[in-house]
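Taking the hints into account, I'd like the entire structure generated from these sequences.
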Amino acid sequence: MAEILGTFEQAVLLGIVRLADDAYGRAILQEVEMRLKREIAPGAVQATLDRLENKGLVRSQLGSGTPIRAGRPRRYYRVESSGVRALNDARKTVEHLWRGLSWPLKGHA
Amino acid sequence: MRTSPPVWAEAILRTFLKAESFPNVSGDLLEQYRDSILPARGLLRADRWYVSHVFGFVLRGALPWAALFAGAAVARNTLDWLNPATDYHARALTSTALAVSILLVAGFWTAWRSGSFLAGAVTGLSASTVAAGLTILGNAVLLASSFGIDPAQGSGGLDELFHLPLMLILPGMAVCSIGGFLGAGARRFSRAL
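In order, the protein sequence lines correspond to chains A and B. With positions in the first sequence counted from 1, the corresponding number in my numbering is that position plus 37. Residue 173 in my numbering sits at position 180 of the second sequence, and the numbers go up by one each step.
Heads up, a few of these hints could be off.
[Stated by the list, open to error] Simulated pairs of lysine to any residue, SDA-like, Cα-Cα distance not exceeding 25 Å:
(1) A:LYS92 / B:PRO16
(2) A:LYS74 / B:SER29
(3) A:LYS92 / A:LEU51
(4) B:LYS11 / A:GLU117
(5) A:LYS92 / B:ARG106
(6) B:LYS11 / A:ILE105
(7) A:LYS129 / A:ASN91
(8) B:LYS11 / A:THR85
(9) A:LYS92 / A:SER119
[What the hints assert, rightly or not] Rough simulated footprint, nothing fancy, chain A against chain B, three-plus residues with beta-carbon under 8 Å:
(10) 20 to 27
(11) 45 to 52
[Stated by the list, open to error] Here are some, though not all, of the chain A residues that point toward chain B, as calculated from beta-carbon distances under 7 Å:
(12) ARG63
(13) ALA78
(14) ARG109
(15) PRO110
(16) ARG112
Keep in mind that the hints were calculated from the coordinates and are not lab data. Even for Gly, the Cβ is constructed at its ideal location relative to N, Cα and C.
As structure tokens, then:
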């Protein structure tokens, strides 16, 4: 069975998938903030990216810098095939959990 | 008008991050600072935003060490309460050695990652401060849940529970700094080989 992903890890991985060739730290942060509709600490995204890379779910390479970054390089991320499998498994798990129930759930909280 | 974040904050970030990560991580922060935060919030609030995120990185890195340190301290107090001894010398020696080891390794590890001699001091200050808070919280929970047990039957009573953690912040920083010097030195030595 592939890696079991947390919600935030899924958000970061899906952000990388959506951004394709433009998936670098700040762009991923903005994408995740937009999808989760809340402000996210850059450190949280960076820690998640490091963890995903250590697990072999993403890989990264340095790109060039820009004047607004004082020439400091961007690190671009790509999802590995194991990352794609992990995302598919996560989606399948959620669908399995919801099977037979209609959304939104009705009843007393 | 200045368009860069405070130099000292960036210096802290440099001492704390992995040497390989600093250029891209600080570049991301700088890009966001200049591109969206500064124009929208002004210099003072943009600086505050930057500094808070630098401390976020520092605290995130220090938290595991702080939790280890606080866990060891609360465990020692629990042992003293539940199993009082007549002579606390052996326990004191063991727990001091454990605390010093945790801080030395913390300083060594962060300085090894960043290559900065100052990394140990930054980690020591943040980890010891967070650990003091966690230890006091843990001791308070221990005290509240231990009806009928007199804290004075431990080795140091209430003072040890609530004052000692605060008194350990600066010594903790000093010990972690030693680890930092060793870690940064070892990194330089290993690169020179």
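- Which earlier hints turn out false for this structure, listed by number in ascending order? Hints that this structure does not satisfy do not exist here, as all of them hold.
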